[in-house]
Each structure stands twice: as structure tokens, then as C-alpha cells.
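> Each chain, written out:
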Amino acid sequence: MSDKSGSILVALAGQPNSGKSTIFNMLTGARQHVANYPGVTVEKKTGSFCLKDDRVELVDLPGTHSLTSYTLEERIARDFLLNDKPVAVVDVLDASNLERNLYLTFQLAEMDIPLVIDLNMIDVAEKRGIKINTQKLSQELRAPVVSTVGNKGKGKKRLKEAILSTSKKGQATPFRINYGDDLEAILDSLEKRLSEETEISTRYPIRWLAVKLMENDEEAQRLVMKYSQKSEIILRLAEEKREAFTMEHKKSPQKVIAITRHQEAQRIVEASVIRKKEITRTLTDRIDQVACSRYLGPVILVATIYLIYELAIVQGYKLTEYTWPALAWSRDLIASLLPSEGFIFDPFFRSMPIWVVDGTIAVLNYVPIFLILFALIAILEDTGYMARMAFILDRIFRYFGLHGQSVLPMVIGGLYVGGCAIPGVLACRGMKDEKARLATIMIVPLMNCLAKIPFYVLLIGMFFAAYKGIAMFFITTITIIIALSVAKILNLTVLRKKLSAPFVMEMPPYHLPTTGGVLRRCLERTWLFVKKIITIVILVSVIVYVLIYFPGISKERKTHYISQLDHAQQTFFKKIGKDNLYAGLMAGDNLMEFTRYWRDYKKAKMVAKSKKAKEAIDQEFREKNFEFFKIVKRGKYEVKGEMIKDKHAKKVYNAYKKLSKNTNKLRREIKEETIITSYMGRAGLFIEPLTRWAGFNWRVNIALMSSFAAKESSVATLGSIYQSPPGEKHRLEERMKEKEKGWTSLHVLAIMLFMAMYPPCIPTLLMVKVETGSIKWMLFATFYPIVLGTIIAVLVFTGGNLLGLSGMQAMIAFYILALILLVLMGLIKREPEFT
Amino acid sequence: MTLDEIKPDQECEIVDITSEGIMGQRLLDMGFIPGTRIKVIRNAPLVDPVEFELKGYNISLRHSEAKQVEVTLL
Chain A
1 MSDKSGSILV ALAGQPNSGK STIFNMLTGA RQHVANYPGV TVEKKTGSFC LKDDRVELVD
61 LPGTHSLTSY TLEERIARDF LLNDKPVAVV DVLDASNLER NLYLTFQLAE MDIPLVIDLN
121 MIDVAEKRGI KINTQKLSQE LRAPVVSTVG NKGKGKKRLK EAILSTSKKG QATPFRINYG
181 DDLEAILDSL EKRLSEETEI STRYPIRWLA VKLMENDEEA QRLVMKYSQK SEIILRLAEE
241 KREAFTMEHK KSPQKVIAIT RHQEAQRIVE ASVIRKKEIT RTLTDRIDQV ACSRYLGPVI
301 LVATIYLIYE LAIVQGYKLT EYTWPALAWS RDLIASLLPS EGFIFDPFFR SMPIWVVDGT
361 IAVLNYVPIF LILFALIAIL EDTGYMARMA FILDRIFRYF GLHGQSVLPM VIGGLYVGGC
421 AIPGVLACRG MKDEKARLAT IMIVPLMNCL AKIPFYVLLI GMFFAAYKGI AMFFITTITI
481 IIALSVAKIL NLTVLRKKLS APFVMEMPPY HLPTTGGVLR RCLERTWLFV KKIITIVILV
541 SVIVYVLIYF PGISKERKTH YISQLDHAQQ TFFKKIGKDN LYAGLMAGDN LMEFTRYWRD
601 YKKAKMVAKS KKAKEAIDQE FREKNFEFFK IVKRGKYEVK GEMIKDKHAK KVYNAYKKLS
661 KNTNKLRREI KEETIITSYM GRAGLFIEPL TRWAGFNWRV NIALMSSFAA KESSVATLGS
721 IYQSPPGEKH RLEERMKEKE KGWTSLHVLA IMLFMAMYPP CIPTLLMVKV ETGSIKWMLF
781 ATFYPIVLGT IIAVLVFTGG NLLGLSGMQA MIAFYILALI LLVLMGLIKR EPEFT
Chain B
1 MTLDEIKPDQ ECEIVDITSE GIMGQRLLDM GFIPGTRIKV IRNAPLVDPV EFELKGYNIS
61 LRHSEAKQVE VTLL
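Chains A and B are the protein sequences, given in the same order.
The first sequence begins at 1 in full-length UniProt numbering and counts up one residue at a time.
The second sequence begins at 1 in full-length UniProt numbering and counts up one residue at a time.
Hint data in this document are derived by calculation from the structure and do not stem from the laboratory.
Using N, Cα and C, we set each Cβ at its ideal position, and we do this for glycine too.
Incorrect hints may appear among the rest.
[Said to hold, decoys possible] Chain A stretches covered by chain B per the calculated footprint, using a threshold of three residues with CB under 8 Å from any CB of chain B:
#1 56-70
#2 87-100
#3 254-262
Kindly generate the complete structure, drawing on both the sequences and the hints.
If you want it as C-alpha cells, here you go:
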């Protein structure tokens with residue numbers, strides 16, 4: 001079926017590891033579009049290519065071994081073929097694994113579609129001494145056969161031509177398997193019965209439907225019920241035949257069908273393949289002998305994980321030092337376009353957009369890390385090492401209802417110090433075991449993401465200064481211990497009814513990934529992320545802004561602050577005196593203009609590091625306003641090569657410095673008062689009676705609540721709440737200690753643990769929504785950590801207080817408790833396996 | 001005997017698949033059909049899962065899953 005635009009719809013099918021995506025890239029080049037299949041989280045890639053006057057729209061189906069209705073991917077591929085009715089299907093086969101790959105080909109042919117057979121990776125097959133007679137194969141399968149080397153772009157033109165001529169012919173591949181006389185007789189009678197039903201027989205290929213009914217396929221049964229008037233009769237007939245067949249042959253039709261397909265594949269391979277030499281030990285075998293060995297295997301695995309961490313998190317973080325200036329520059333650019341600031345009150349349309357921009361660039365700052373992480377994930381997938389990681393670790397993770405594949409998302413999320421939950425959740429994609437996948441998605445945010453680290457460092461510096469190393473080790477490892485227990489608890493409760501999948505995992509031969517393929521995937525995923533995240537972050541930061549800055553301080557207080565400002569300004573003018581040469585320059589609106597000039601100058605000077613840069617800034621500001629420049633230079637400036645000492649300017653400088661200090665103090669007081677009286681502040685006060693059990697006062701409550709938009713802001717909010725008195729430049733830790741005299745290390749431990757269990761940030765939640773495809777799971781991911789964090793904080797704080805423990809003692813006690821829980825959780829029996 | 005009892009480097013032949021449903025279908029789809037020769041390559045470092053070779057490719061199963069494949073030792 002051609003769509004409206006006149007292009008031809010073609011699907012790309014194939015088993016996993018057949019190099020299907022390299023073929024997709026080879027055919028479509030840069031013209032690709034990634035989305036999800038409707039209602040599910042499986043990626044749907046579409047692309048297009050032109051040949052002469054025709055345009056082909058190519059849809060990449062999920063890689064599947066078979067086309068049953070047992071797994072999501074298989075259902076999606078099948079539904080696409082049945083409902084979207086592509087004009088042709090390109091079946092990509094791994095030429096060195098022809099026999100197994102043909103198993104899918106037969107099922108595709110059964111669906112009444114014109115097929116093009118693509119023998120991919122023909123170079124690898126030839127190297128392994130496998131020679132395929134394509135003509136013979138084409139005769140056997142009654143479909144055109146093209147050999148290709150996808151990652152090298154070989155066979156591109158011939159494949160395109162074959163696709164075009166096959167779709168133009170529009171003739172379904174007539175190849176059919178003979179399932180043996182007894183089964184064929186049953187299929188015949190079923191087909192006859194089905195063809196009497198017009199609706200179902202026009203919608204679906206009846207031979208396929210008959211085979212599926214004999215396989216006891218639930219989806220096929222559903223189709224019959226939906227589209228046939230006499231569904232009951234047909235389904236009963238199918239069931240009777242199935243049972244009778246099983247009785248007679250001591251084997252279910254399902255089994256016989258699978259066996260026949262494999263036998264047929266074997267026959268065709270024997271007829272069309274010449275094996276020159278027996279496969280000796282391949283390179284993959286030799287690598288695996290080390291990479292999966294008892295002692296070296298785990299060592300290599302840990303080294304790989306460490307390398308990922310080092311490259312993405314450590315080096316990626318260093319990269320942000322180079323990208324940050326660009327982000328800061330764009331922030332300043334936006335700021336310069338907004339209404340100007342006031343002495344002490346900034347207009348709403350300045351402070352709100354700046355708040356939003358700050359929140360957005362805080363997330364965008366991590367893009368270099370994402371790029372590296374996504375590239376590394378692509379490399380792990382393409383090389384085939386990902387399967388080995390799962391192979392080595394499955395045993396440990398299975399104790400907690402997870403899967404060997406859970407390790408990578410956890411590492412990316414911050415298994416040790418610093419990670420990011422956003423790509424972590426994304427990395428859960430492709431885990432076949434739905435139960436383990438959901439559990440992994442739920443626990444990844446409990447890992448230590450980069451944004452939590454400054455908060456830990458701050459608090460550890462405050463109260464565990466003597467045991468910094470131990471405290472850091474505690475907080476980074478306790479999260480894994482808790483996360484594993486949580487996974488098991490989820491597995492036994494909310495995830496109880498979710499489908500688990502057999503482990504059955506192919507160990508593909510190692511492959512060298514191509515640069516193009518890796519780059520493409522990493523850019524694609526990063527772009528997808530950036531696009532999605534930005535809109536949501538903007539929306540949420542507006543909401544948080546309103547909660548933190550509204551309703552704002554009262555009119556009386558406002559007048560109070562304005563009169564204080566007036567007072568400070570009067571003092572300023574008194575100080576410089578009427579006869580000062582610059583008195584006129586500073587009068588009226590000019591004072592605000594000078595204030596802006598002063599702030600800009602100070603900021604520019606602070607950023608500039610080299611002497612040369614500082615000189616350039618001087619030059620720039622001198623040109624901007626020479627009179628103002630004289631003042632900011634304290635009356636020392638050059639005129640025509642001569643240094644001038646201007647006493648009047650110096651006097652204004654001194655007086656203004658005092659004024660500036662006073663206005664800054666007022667600004668800070670206003671900000672503090674605004675936050676305290678805001679909706680968020682009131683909520684913080686309101687829940688204080690409850691949070692006191694966890695040792696949190698309202699100030700901590702505000703800081704914790706405001707972190708919800710992005711954890712990066714936690715330290716910044718604390719900074720605004722615990723202002724340092726003007727003139728004194730105390731570090732935040734010291735200021736907090738000063739204001740919270742009653743705090744013990746137990747308070748701090750409780751806060752830290754709450755932060756460790758903190759709900760995911762908005763972008764992560766969005767990713768959870770995308771990957772689980774459900775708002776319910778997103779809400780669950782938001783609220784369970786709050787409950788868990790509160791329980792833990794109360795346990796540690798109140799429990800520790802009752803027992804009279806110090807922070808350090810409570811830390812050790814809690815660690816031991818968590819370890820005991822972990823062991824107990826591991827010992828709880830798993831539900832019975834697939835029997 | 002069942003496939004989970006076979007030691008690394010031993011070879012055997014599949015007699016039957018004893019499970020139905022998703023597990024049975026998965027095994028059948030992956031080529032675990034009667035008459036197929038199968039070789040145990042290695043156990044994972046923590047013994048489970050275990051890697052096999054059949055029909056020229058490698059696949060890993062948990063022992064609990066391999067238990068559902070009936071085999072005879074060659």
C-alpha cells in the first residue's frame with residue numbers, strides 16, 4: 001500500500017545481531033526519524049530513500065527471533081506487518097548463521113508478504129569458510145536474494161533495486177512450509193472454515209491464522225473473537241484438533257511446527273551452503289575464555305565499569321568546564337534582553353525568566369556527560385560485551401529480583417559517586433524481563449547522581465569533618481545496599497504480577513563497532529533527551545518559582561524596605577556633598593544607571609582572569625561611559641598618557657561602596673523574607689512538627705522541597721536561607737553552623753540519608769514516564785522515595801536520639817542494620833521459575 | 001538427564017523440551033529441538049548462568065531453565 005505522498009512502505013525485519021541497523025543506516029543514510037511505537041516504549045525508526053522516481057519509506061521493526069505473541073517486540077513487529085500492510089519486507093539474515101535466521105524468514109513468508117532476502121555480513125561468513133549459493137537459496141525460498149556488508153555499505157544499490165522491483169511486482173512470496181500430512185490436513189480444514197468468514201479472511205492471511213491457532217497463540221485467538229461471527233465454533237474446533245493431535249503424536253502442534261521449521265531451515269542450508277572448513281575456535285571464543293573466566297572475568301568487568309565511570313563522569317565533567325562558559329554567555333545574553341533590574345526589587349519579568357534559564361542550563365550543563373555515556377553504551381551494545389556483563393552478574397542481581405542487565409543502568413545512575421539517573425533510566429531500554437526492567441528503573445534514581453554530591457560534601461564538611469572518607473564511603477555504598485533491598489521488596493509486592501521473562505540470552509560474537517553507527521546513536525539519543533527535557537524543565541521551574549517567590553512580601557514590609565533604601569541613598573548624597581563635581585552625574589535616574597554600570601563592571605572583572613583580559617574590560621567600560629569609569633577606578637585613571645588622581649571621584653567611590661553594601665544587604669533580607677513567607681516557606685513551617693522527628697527544621701524543609709525541580713539548587717537554596725551577614729565572607733558550612741547551634745551530627749546524618757533517597761528530578765521522572773509508558777509508575781517513582789527517605793530519617797534521628805547515639809555511631813548502626821536487611825532480602829525465595 | 005547436569009566441555013543431544021508456554025516456545029525458537037547437538041561451553045564466574053553452543057552460535061541459560069531440556073550425553 002502506498003501512502004498519500006506516493007511513497008512505498010517497506011518494513012525491515014530480522015533477528016537480533018543480524019546487523020539489521022547497519023542495513024537500515026546504509027539504506028536511509030541521514031534521513032531518519034525516531035519515535036516510539038504507539039503506546040509502548042519500543043523505539044520505532046523510520047527513514048526513507050529514493051531510487052529514480054520512487055521514494056521508499058522504510059520502517060525498522062524490532063529485532064526478533066520469532067513472531068509469537070509472547071514478547072512485546074515480537075507482537076509489535078507482527079502487528080505492524082498485519083495492520084500497516086507494508087508493500088514488501090526486507091528480511092536481514094546473518095549469513096554466517098543462516099540456519100537459525102531462516103526460522104524467522106519462514107514465519108514472515110507465512111504472513112503473505114513479498115520478501116527480499118538480505119544476506120548480511122557476507123564477508124564474515126566467507127572468512128569463516130561459508131560459501132552460500134545465492135541462486136539456489138533464491139530458488140528454494142522463491143524470493144530475491146541479495147548479499148550485503150551493511151557496515152561497509154556493500155550491496156546497497158542491488159538491495160535498493162531488489163526492494164523496488166519486489167514492491168512493484170507486489171506478489172507475496174509463495175514459499176510455504178509443509179508441516180506434515182496430519183498437521184496439513186488440520187490446517188486445511190481450519191483454513192476452509194476461516195475463509196468462510198469474510199471479515200477476518202480479508203483482514204488477515206488465513207494460512208497464517210490457522211498455523212497460529214494450532215500454536216495456541218493468544219493474540220490470534222483474540223483476532224478471531226474480534227472479527228468472526230462464529231468465533232466460538234472456530235476456536236473450539238482449533239482446540240479439539242490441537243488436543244487430538246497432541247494425543248496422537250505425543251507432541252503439541254506448537255512443538256511440531258517449531259521442529260519442522262528448524263528442519264526445513266537445515267535442509268535449505270544443506271542444499272545451498274558449502275562449508276569449506278570446519279569452524280575452529282573463533283576469536284570470540286578466545287576472548288571469552290578470558291572475559292568470562294572465573295577470576296579474570298569479574299576483574300575485567302570491574303575495570304570496564306570503572307572505565308565507563310572515569311570516561312563519562314570524570315572526564316565528561318571536565319568537559320563541562322569548556323561548555324559552561326557558552327551556557328553562561330547565553331544566560332547573560334538572555335538577561336540583557338530582559339527588563340533591567342532595580343535597586344532592591346527586580347521586575348517579575350526579569351527574575352522569573354532568569355530563574356527558568358538557570359534551571360535549564362543547569363541540566364544542559366550535563367550534555368557532554370550524556371554524549372560520552374550514550375556513545376559508551378552504544379559501544380558496549382555493538383561489541384557484544386553487554387551480554388557478557390549480564391552473563392557474569394546475573395547470579396548476584398537475581399537474588400534481588402533484578403537481571404544481569406541491571407548493572408549498566410545502575411552504574412550510569414551513579415553506583416559509586418556521581419552519575420546521572422536520566423541516561424541510567426534510558427539504559428534500561430532493551431531489558432527483556434519486564435519485571436526486572438521496572439525494578440531497575442525504580443531503583444536507578446536511588447543511586448548517587450552528580451547533583452547530590454555537593455550537598456553531601458557540604459554536610460559532611462559540617463559535621464563529619466574528621467571522618468570525611470568514612471562518611472563519604474558510607475553514603476555512597478549505603479545507597480546500593482538500600483536500592484537492592486528496595487528492588488526485592490518491589491519485586492515481592494507491586495511488581496508481583498508483572499511478566500518476567502526467561503533469561504535465554506544470545507552471546508553474540510564480538511564485533512568492532514563502527515564510528516558512524518556509534519556516533520549516530522549517541523547523537524540521536526542525546527537530541528531526543530534535550531528536546532524532551534527542555535520543555536518540561538521550563539514548565540516545572542516556572543511552577544517552583546511561583547511557589548518560592550509568591551505571594552511575596554507584604555505592602556508594609558515593602559514600604560519599610562523602600563524607606564530604608566531612601567535612607568541609604570540620602571546618606572550617600574550627604575557623604576559626597578553638594579559641591580562634589582560628580583553630584584550632578586549621580587542625581588536622579590542616573591544613580592540607577594550607575595548602579596547597573598557598577599554591577600556589570602564588578603561581574604566582568606570577577607570573571608576575567610588574566611591581566612590582559614582585565615585591561616580589555618577596563619578599556620571597554622572606559623569607552624562605554626568615561627565619567628562612570630572615573631568613579632569605578634576610584635578616581636585613578638589615565639588622560640592622554642598622564643595618570644590623574646581625582647579626589648572627587650574617589651569620594652564618590654567610597655560613598656557608593658557603602659551604599660552598595662547596604663542595598664545588597666537589603667536585597668538579601670528581602671529574598672530571605674520572600675522565601676520564608678512564600679507558599680513553599682509556609683509549607684516548610686507547616687510540616688515542621690512532623691519533620692522534627694527526622695530532625696529537619698523548616699529551613700531544611702524549604703531547601704529539600706525546592707530541590708525537587710533540580711537537586712543542583714539544594715545548595716543554592718541553602719545559600720539563600722543561610723545568608724552571611726554583610727561584610728563577612730563566611731563559608732556556607734560555617735553560616736549554617738552559626739544559625740543551627742542546636743544541630744548535632746545526628747541531624748546531619750538524617751538529612752544526608754533523606755537526600756540519598758530523594759525523589760528523582762523532573763527530567764528523570766519524565767524519562768521514567770517514557771520508559772514505563774505510564775503516569776502511574778512515574779508517580780510511584782516520585783512518592784515511594786519520599787516515604788522511604790522519611791522512614792529512614794526518622795529511624796536514624798529519633799532512634800539515634802533515644803539510644804543516645806552520636807552521628808558516627810548511628811551511621812555504623814544503620815549500616816549494619818541495612819546489611820542485615822539486604823541479606824534477609826536475598827534469602828527470601830524467588831517465585832517459581834518458568835515450569 | 002537434563003541439560004543443567006552437563007559439565008563444561010561435555011556434549012549432548014537434545015531429547016525433548018519439558019516446558020510449555022513462553023519458556024518452551026523461547027527454547028524452541030532458539031533452536032532447542034530434539035536431535036540437536038549441544039555443547040556446554042562454560043559456567044559464569046558464579047556458576048549460574050551457563051553458556052552453550054548449538055548450531056554454530058552461543059546462548060546462555062540459567063540452570064533452572066536448562067533443567068527443562070532433556071538430553072542424552074554423547
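> Just pull the numbers of the violated hints for me, sorted ascending.
As far as the earlier hints go, not one is violated by this structure.
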